[in-house]
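Participant: Sequence:
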Amino acid sequence: MKDFAGNTLANARKLGNLDAKTLTFKDFVGSGDRNDLYTFSVGSSSGLNVNFSGAIAAELFALKNRKALKKIGKIDFNNLKQKDIRNHLIRVARSGKVGVPQIMTATLAPGDYYLRVRSPKNKTNYNFSISSPVTNSVLNPVPNPNPAPVPNLIPNPVPVPGITTLLFNGTGLPKTQGWLDFNQIPFPSAPLNNPPFLSSAAKFVVQTPGATGVTFKTDEDFTASGDLNKGYAGYSNYTATAASVFPLTFKSAKVNPAFPMLDRAAGYILSFKLAVNSEISNANRAGFSLILNSEDAKGIELGFKSDRIFAQSSTFTESENAVFSTNTFTNYKLAVKGDGYELFANNASILKGALRTYQFDPATSNPPLPASPYALPSFLFLGDNTDQGRANVTLGAIDIIQG
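The opening position of the sequence shown corresponds to residue -14 in my numbering, with each subsequent residue numbered one higher.
For the record, the hints were derived by calculation from the structure and aren't laboratory data. Don't take every hint at face value.
Below, simulated SDA-like cross-link-like pairs (lysine to any residue); rule was C-alpha separation at most 20 Å, straight line [unchecked claim]:
hint, residue 1, residue 2
1, K56, I75
2, K49, G39
3, K108, F13
4, K283, F244
5, K59, I70
6, K55, D97
7, K258, D97
8, K59, R76
9, K337, G388
10, K68, D12
11, K337, T300
12, K160, N112
13, K52, R76
14, K337, V308
15, K337, G323
16, K11, R79
17, K49, R71
18, K6, T24
19, K283, D248
20, K239, Q162
21, K49, D97
22, K239, T200
23, K202, S310
24, K283, Q387
25, K55, G96
26, K160, P242
27, K258, S291
28, K283, T342
29, K56, N72
30, K11, Y111
31, K108, P242
32, K258, A196
33, K(-1), Q67
34, K258, N312
35, K52, F13
Take these sequences, add in the hints, and give me the full structure.
Facilitator: And the structure:
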């Protein structure tokens, strides 16, 4: 097979302007040709989707300045030192685990970008399709009559290229990709029955990988209590491990210590794809919730009901909200900047408000929680965190973009 892509930034294969286009390519990398470079541009803020097949790894870069091409443009990428990459390039996104079908997503500001495809091991043929869709959705949410003041909000999903960390690529189970763990309370434990955290009667919540993401249901009696609402389950970048057995206590730690520090002064964005297939909950609660804390634990909790999305007030009642059908697969972006947040659905702003400092006693939950999630720095949770609701959801690709 002829090698079409170059090995340096200067001779990267030119794809031209990618706005609202989808392009497909095939090539190979191996021991004698470890890197293929592609370059393209986008003319406006837009999304990026790259689908790969083949045992390859990929990274997307932007130039820190035009001098970068003079300094390192003619050096084979395989020979670049890490210091050169740090000094002259911004890593915008990277692919996931080698050896599985991969999806790389990012949100791009206008400018030029370089896609690096490399072979970690042996020679391999690969295929990929790349697209930069432009979405013009118009939504009409019902505004909250008394909205909270919102200082320093991000004016659009991504103002500048940032570092993207892909937490889940939308295929398989999130736990296998090294950033998120699936937690449930009570946890099924046949040899040890120690309520409320461990139960010999509880069942594992079923996670089902699919074409668009992973589906999990908390609308079944997984606690074996006869109460369909009881119990919690979802994905988080923290996991609870036993600190002592007698008495049973837990400590919380990040699944991956390299998880990004969420600095609200610099700004960051959580992107995720979600469909709430079905949901039942009481007032002020939702069958599916999102908790996102900054490094100083100031954050926001959003509840996703079937017909609307709302923010939890500091006293855990429904606050600002938007009427929105959540049962279709939607690309969400939750942008945080300063003291404010803003939620986008398919690139249209639907909800915004002020961040909160939640005061919460984990012992008041039913069942109790081992720790308060609202006090954990740079914390993320996506799932069912209430004993007053349940849901069936499909969760797709998830990433964090740091400003």
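Participant: Run every hint past the structure and note whether it holds.
Facilitator: Right, here's what the structure says about each hint:
Among the hinted pairs, K56 with I75 is consistent with the structure: their alpha-carbon atoms are about 15 Å apart, no more than 20 Å. The hinted pair formed by K49 and G39 fails the criterion: a straight-line CA distance of about 30 Å is larger than 20 Å. For a cut-off of 20 Å, the pair hint linking K108 to F13 stands: about 7 Å separates their Cα positions. For the hint pairing K283 with F244, the CA-to-CA distance comes to about 17 Å; that is within 20 Å, so the pair holds.
Annotation: proposed proximity of K59 to I70 holds, straight-line Cα distance about 13 Å (limit 20 Å). In summary, the hint linking K55 to D97 is supported, as the alpha carbons are separated by about 16 Å, within the 20 Å threshold. Restraint check for K258 and D97: not satisfied, since their Cα atoms lie roughly 26 Å apart, outside the 20 Å limit. For the hint linking K59 to R76, the alpha-carbon distance of about 19 Å falls within 20 Å, and the restraint holds.
For the hint pairing K337 with G388, the CA-to-CA distance comes to about 19 Å; that is within 20 Å, so the pair holds. A C-alpha spacing of about 29 Å is found between K68 and D12, which places the hinted pair above 20 Å, so the restraint is violated. Restraint check for K337 and T300: satisfied, since their Cα atoms lie roughly 18 Å apart, inside the 20 Å limit. Restraint check for K160 and N112: not satisfied, since their Cα atoms lie roughly 26 Å apart, outside the 20 Å limit.
Of the pairs offered as hints, the one joining K52 and R76 holds, with about 17 Å between alpha carbons and a cut-off of 20 Å not exceeded. For the proposed pair K337 and V308, the alpha carbon gap of about 13 Å is at most 20 Å, so the pair holds. Restraint check for K337 and G323: the C-alpha separation of about 13 Å stays at or below 20 Å, so the hint holds. A threshold of 20 Å between alpha carbons decides the hint, and for K11 with R79 the separation of about 19 Å falls inside it, so the pair holds.
Proposed proximity of K49 and R71 is supported: the alpha carbons are some 9 Å apart, at most 20 Å. Restraint check for K6 and T24: the C-alpha separation of about 14 Å stays at or below 20 Å, so the hint holds. Restraint check: the Cα-Cα separation between K283 and D248 comes to about 10 Å, which is no more than 20 Å; the hinted pair holds. For the suggested pair K239 and Q162, the alpha carbons sit about 14 Å apart, so the restraint of at most 20 Å is met.
The suggested pairing of K49 with D97 holds, with an alpha-carbon distance near 11 Å, which does not exceed 20 Å. For the hint linking K239 to T200, the alpha-carbon distance of about 23 Å lies beyond 20 Å, and the restraint is violated. Between the alpha carbons of K202 and S310 the distance comes to roughly 19 Å, so the proposed pair stays at or under 20 Å and holds. A hinted pair counts as satisfied when its Cα atoms are at most 20 Å apart, and K283 with Q387 qualifies at roughly 16 Å.
For the suggested pair K55 and G96, the alpha carbons sit about 18 Å apart, so the restraint of at most 20 Å is met. Taking the CA atoms of K160 and P242, the gap is about 15 Å. The hint holds against a cut of 20 Å. This hinted pair checks out: K258 and S291 have alpha carbons roughly 16 Å apart, not beyond 20 Å. Simply put, K283 and T342 have alpha-carbon atoms about 5 Å apart, close enough for the 20 Å limit, and the pair holds.
For the hint linking K56 to N72, the alpha-carbon distance of about 10 Å falls within 20 Å, and the restraint holds. Proposed proximity of K11 and Y111 is supported: the alpha carbons are some 6 Å apart, at most 20 Å. Between K108 and P242, the direct Cα distance comes to roughly 32 Å. Violation of the 20 Å bound is thereby established for this hinted pair. Restraint check for K258 and A196: the C-alpha separation of about 13 Å stays at or below 20 Å, so the hint holds.
Distance hint between K(-1) and Q67 is unfulfilled; the C-alpha atoms sit about 25 Å from each other, more than 20 Å. This hinted pair checks out: K258 and N312 have alpha carbons roughly 12 Å apart, not beyond 20 Å. Restraint check for K52 and F13: not satisfied, since their Cα atoms lie roughly 30 Å apart, outside the 20 Å limit.
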